[in-house]
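Q: Be aware that the sequence shown starts at 0, since it is given in numbering that gives the first Met the number 0, and climbs by one per residue.
A few of these clues could be false.
As the list claims (entries may be wrong) - Cut-off 30 Å, straight-line C-alpha distance, at most; resulting in silico cross-link-like pairs (DSS-like, lysine-lysine):
#1 Lys190 x Lys166
#2 Lys410 x Lys81
#3 Lys354 x Lys461
#4 Lys250 x Lys213
#5 Lys462 x Lys74
#6 Lys242 x Lys354
#7 Lys166 x Lys74
#8 Lys158 x Lys227
#9 Lys250 x Lys354
#10 Lys227 x Lys166
#11 Lys410 x Lys354
#12 Lys354 x Lys470
#13 Lys190 x Lys81
#14 Lys227 x Lys461
#15 Lys227 x Lys190
#16 Lys462 x Lys410
#17 Lys227 x Lys242
#18 Lys250 x Lys347
#19 Lys397 x Lys347
#20 Lys190 x Lys158
#21 Lys190 x Lys213
#22 Lys314 x Lys190
#23 Lys166 x Lys81
#24 Lys81 x Lys314
#25 Lys354 x Lys74
#26 Lys250 x Lys227
#27 Lys461 x Lys74
#28 Lys462 x Lys227
#29 Lys227 x Lys213
#30 Lys397 x Lys354
#31 Lys397 x Lys410
#32 Lys347 x Lys81
#33 Lys213 x Lys354
#34 Lys314 x Lys410
#35 Lys213 x Lys242
#36 Lys242 x Lys190
#37 Lys158 x Lys213
#38 Lys470 x Lys81
#39 Lys81 x Lys158
Don't read these hints as lab results, they were simulated from the structure.
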Amino acid sequence: MSFLPFPNRHRLLVQSAMACLAIFWVGSRVGAASDDRYLAVVRRALDAILENGRDTYGEERSGMILSVLDRSTGKPMRLLPKAPNGVRQSDRTGPGGSNANLQQDLYRTMQHVSRLTGDPRYEDAVRVALSDFLRITQHPETGFLAWGEHLYWNCVADKLGDLDPNKTHEQKRKFIYFDDLYASDPDRTVKYARGLWEHQIADHETGNFSRHAKYDRHAPGRDYDFAKEGGYFIDVWSRAFAKTEDPVFAKAVQVMTRRYLGRMSDLGLIQLDSTTRPDWLNTCVTLYLVALAVECSDAVPRMDRDAESVGLLRKLAASQDQAFLSLAHAVDDPGRGFVSYAATDTGKPQPVAAKQSQGYSRHWNLGYGVHSTAMIALLCNTRQGQLGDTDQGEAYRKLVIASADLYHQVKPDPVADDLWAGEYGMVILNQIAAYRLTRNETYLTSARQYADEAIRVFWDGKKPLPRASSKTDYYDVITSPDTLMLALTALHEHVNQLDPRVEISDLIR
Numbered sequence: 000m001s002f003l004p005f006p007n008r009h010r011l012l013v014q015s016a017m018a019c020l021a022i023f024w025v026g027s028r029v030g031a032a033s034d035d036r037y038l039a040v041v042r043r044a045l046d047a048i049l050e051n052g053r054d055t056y057g058e059e060r061s062g063m064i065l066s067v068l069d070r071s072t073g074k075p076m077r078l079l080p081k082a083p084n085g086v087r088q089s090d091r092t093g094p095g096g097s098n099a100n101l102q103q104d105l106y107r108t109m110q111h112v113s114r115l116t117g118d119p120r121y122e123d124a125v126r127v128a129l130s131d132f133l134r135i136t137q138h139p140e141t142g143f144l145a146w147g148e149h150l151y152w153n154c155v156a157d158k159l160g161d162l163d164p165n166k167t168h169e170q171k172r173k174f175i176y177f178d179d180l181y182a183s184d185p186d187r188t189v190k191y192a193r194g195l196w197e198h199q200i201a202d203h204e205t206g207n208f209s210r211h212a213k214y215d216r217h218a219p220g221r222d223y224d225f226a227k228e229g230g231y232f233i234d235v236w237s238r239a240f241a242k243t244e245d246p247v248f249a250k251a252v253q254v255m256t257r258r259y260l261g262r263m264s265d266l267g268l269i270q271l272d273s274t275t276r277p278d279w280l281n282t283c284v285t286l287y288l289v290a291l292a293v294e295c296s297d298a299v300p301r302m303d304r305d306a307e308s309v310g311l312l313r314k315l316a317a318s319q320d321q322a323f324l325s326l327a328h329a330v331d332d333p334g335r336g337f338v339s340y341a342a343t344d345t346g347k348p349q350p351v352a353a354k355q356s357q358g359y360s361r362h363w364n365l366g367y368g369v370h371s372t373a374m375i376a377l378l379c380n381t382r383q384g385q386l387g388d389t390d391q392g393e394a395y396r397k398l399v400i401a402s403a404d405l406y407h408q409v410k411p412d413p414v415a416d417d418l419w420a421g422e423y424g425m426v427i428l429n430q431i432a433a434y435r436l437t438r439n440e441t442y443l444t445s446a447r448q449y450a451d452e453a454i455r456v457f458w459d460g461k462k463p464l465p466r467a468s469s470k471t472d473y474y475d476v477i478t479s480p481d482t483l484m485l486a487l488t489a490l491h492e493h494v495n496q497l498d499p500r501v502e503i504s505d506l507i508r
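Whole structure, please, built from the sequences with the hints as guidance.
A: Next up, the structure:
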């Protein structure tokens, strides 16, 4: 979702003063809807974030939105509580921290709420938050941003967060706001794209890289070349090429696509990385196949002035579709699911002890590196949308629907298990995706049931922000409560028979 050019930040002050008028106007508009309970829950959370969850705490004030907050007040916490189950300490955002990469579904939600209510405060806050994050956190040498799986910006201390002493740059999610930031700050945005090539990729001929690099210096690694991150790089470089036509970005796209074409087995499967770690030898993480196909397909029109890149991207996307769809997925079986880990030489489900998996996707209970059935289904939905009315598009469509059907049988237990907020968000979006594909009201009913349960589990009457997980009591974007809020916003559109414009997000990977 794009937005208009970034406004002067003083406009936010004027709009805050006009909030009462805006709310009055909005009340009449939303009130005309038949059911605004989901939007009301989301809007209450966003209002708490706008009031106390922005960077007004250090010496250098900005519009950045904090990522870890007290649920009652929306203010930053002094100390981090115990992490949700499955969250590593080195991956957390510390007190006063902002991690723009992890909360892009929050920005999406805020933009949609402005659209749905007519109140521009939310969308304007997104513009300033992203612009300031880019301006303040970009390292002058590498071009990297203080974001992703290990980094954040401490808005209270006005410095890089210190939970990871190694200063590890690893883009955790797709950079969906690249084009919007380019429109407002092209130099810094392109500098990030160039930094990925110059400081993340160790070998510019073979494309060898590690998903881990150093935020503050040139220190690219090798062999930890996950296809998920490679897809993110292709996405960024193709966007940069579309804007600049700089041949360095065409070369980057070509080198990376050739690397994965060369790493495929005879079945088209790609081993997790190029290391010789015994736990991951001959093991393909299948979610990465669909993700790579998605990023390559999206990159094609951006690279249309470079025929060589287009040919390579199409070849890689087609090979990943064939590989993923050839696997023996059992999404209609509650005891199995998607083949989440496959032997690269045979395609059979591959047990992975580190993930407590027999090779199939987990339906509930996310954790570090765990891929749920709904998570994979949402990527299948994106790929189905790209392929449309083709045989492969129909195959992906069936998988999305089968996954939604599975969640009619396999229910969560938020009392026994520490479930993440984003788990519910993905399942709700899976139901909505199935509804959009079939127009079968059963899926919309199921989405509402999961949404009602999510509100009971993650919200309460006094605290406006959702809890990170069912057994914690603070707000933390690491468990994707923003995706849950986006899902509730999407559901609001459907229950009120509005034009469905909220994205079926596949950002959690």
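Q: Each hint should be assessed against the structure and marked as holding or not.
A: For each hint, the structure was consulted:
At most 30 Å may separate the alpha-carbon atoms for a hinted pair to count; Lys190 and Lys166 meet this at roughly 19 Å. Our distance criterion of 30 Å between C-alpha atoms is met by Lys410 and Lys81, whose separation comes to about 26 Å. Proximity of Lys354 to Lys461 is assessed by CA-CA distance (about 37 Å); at most 30 Å being required, the pair is judged violated. For the proposed pair Lys250 and Lys213, the alpha carbon gap of about 23 Å is at most 30 Å, so the pair holds.
Straight-line distance between C-alpha atoms of Lys462 and Lys74 comes to about 12 Å, which keeps the hinted pair within the 30 Å bound. In summary, the hint linking Lys242 to Lys354 is not supported, as the alpha carbons are separated by about 40 Å, beyond the 30 Å threshold. Taking the CA atoms of Lys166 and Lys74, the gap is near 26 Å; set against the 30 Å cutoff, the hint holds. Taking the CA atoms of Lys158 and Lys227, the gap is about 29 Å. The hint holds against a cut of 30 Å.
With a C-alpha separation of about 36 Å, the suggested pairing of Lys250 with Lys354 is violated against the 30 Å cut-off. Taking the CA atoms of Lys227 and Lys166, the gap is about 21 Å. The hint holds against a cut of 30 Å. For the hint linking Lys410 to Lys354, the alpha-carbon distance of about 21 Å falls within 30 Å, and the restraint holds. A distance of roughly 21 Å separates the Cα atoms of Lys354 and Lys470; the hinted pair therefore holds under the 30 Å criterion.
Taken as a hint, the Lys190 and Lys81 pair is broken in the structure, with Cα atoms around 37 Å apart against an allowance of 30 Å. About 39 Å separates the Cα atoms of Lys227 and Lys461, which puts this hinted pair outside 30 Å; it is violated. Under the criterion of a C-alpha separation no larger than 30 Å, the hint pairing Lys227 with Lys190 is consistent with the structure, at around 22 Å. Taking the CA atoms of Lys462 and Lys410, the gap is near 26 Å; set against the 30 Å cutoff, the hint holds.
Restraint check for Lys227 and Lys242: satisfied, since their Cα atoms lie roughly 23 Å apart, inside the 30 Å limit. Pair hint Lys250 plus Lys347 does not hold up; C-alpha atoms about 35 Å apart against a cutoff of 30 Å. Proposed proximity of Lys397 and Lys347 is supported: the alpha carbons are some 21 Å apart, at most 30 Å. This hinted pair checks out: Lys190 and Lys158 have alpha carbons roughly 20 Å apart, not beyond 30 Å.
Between Lys190 and Lys213 the CA atoms are separated by roughly 16 Å; this keeps the pair inside 30 Å, and the hint holds. Distance check on the hinted pair: Lys314 and Lys190 sit about 29 Å apart at the alpha-carbon level, within 30 Å; holds. Restraint check for Lys166 and Lys81: satisfied, since their Cα atoms lie roughly 22 Å apart, inside the 30 Å limit. Simply put, Lys81 and Lys314 have alpha-carbon atoms about 46 Å apart, too far for the 30 Å limit, and the pair is violated.
Between Lys354 and Lys74 the CA atoms are separated by roughly 35 Å; this puts the pair beyond 30 Å, and the hint is violated. Among the hinted pairs, Lys250 with Lys227 is consistent with the structure: their alpha-carbon atoms are about 19 Å apart, no more than 30 Å. Proximity of Lys461 to Lys74 is assessed by CA-CA distance (about 15 Å); at most 30 Å being required, the pair is judged to hold. Restraint check for Lys462 and Lys227: the C-alpha separation of about 36 Å exceeds 30 Å, so the hint is violated.
Proposed proximity of Lys227 and Lys213 is supported: the alpha carbons are some 19 Å apart, at most 30 Å. Taking the CA atoms of Lys397 and Lys354, the gap is near 27 Å; set against the 30 Å cutoff, the hint holds. Note on Lys397 and Lys410: the hinted pairing holds, with a Cα-Cα distance of about 21 Å set against a maximum of 30 Å. Between Lys347 and Lys81, the direct Cα distance comes to roughly 38 Å. Violation of the 30 Å bound is thereby established for this hinted pair.
For the proposed pair Lys213 and Lys354, the alpha carbon gap of about 27 Å is at most 30 Å, so the pair holds. Among the hinted pairs, Lys314 with Lys410 is inconsistent with the structure: their alpha-carbon atoms are about 39 Å apart, more than 30 Å. Pair hint Lys213 plus Lys242 holds up; C-alpha atoms about 27 Å apart against a cutoff of 30 Å. Restraint check for Lys242 and Lys190: the C-alpha separation of about 13 Å stays at or below 30 Å, so the hint holds.
Among the hinted pairs, Lys158 with Lys213 is consistent with the structure: their alpha-carbon atoms are about 16 Å apart, no more than 30 Å. This hinted pair checks out: Lys470 and Lys81 have alpha carbons roughly 10 Å apart, not beyond 30 Å. At most 30 Å may separate the alpha-carbon atoms for a hinted pair to count; Lys81 and Lys158 meet this at roughly 24 Å.
The structure is inconsistent with the numbered hints 3, 6, 9, 13, 14, 18, 24, 25, 28, 32, 34, although it conforms to all the rest.
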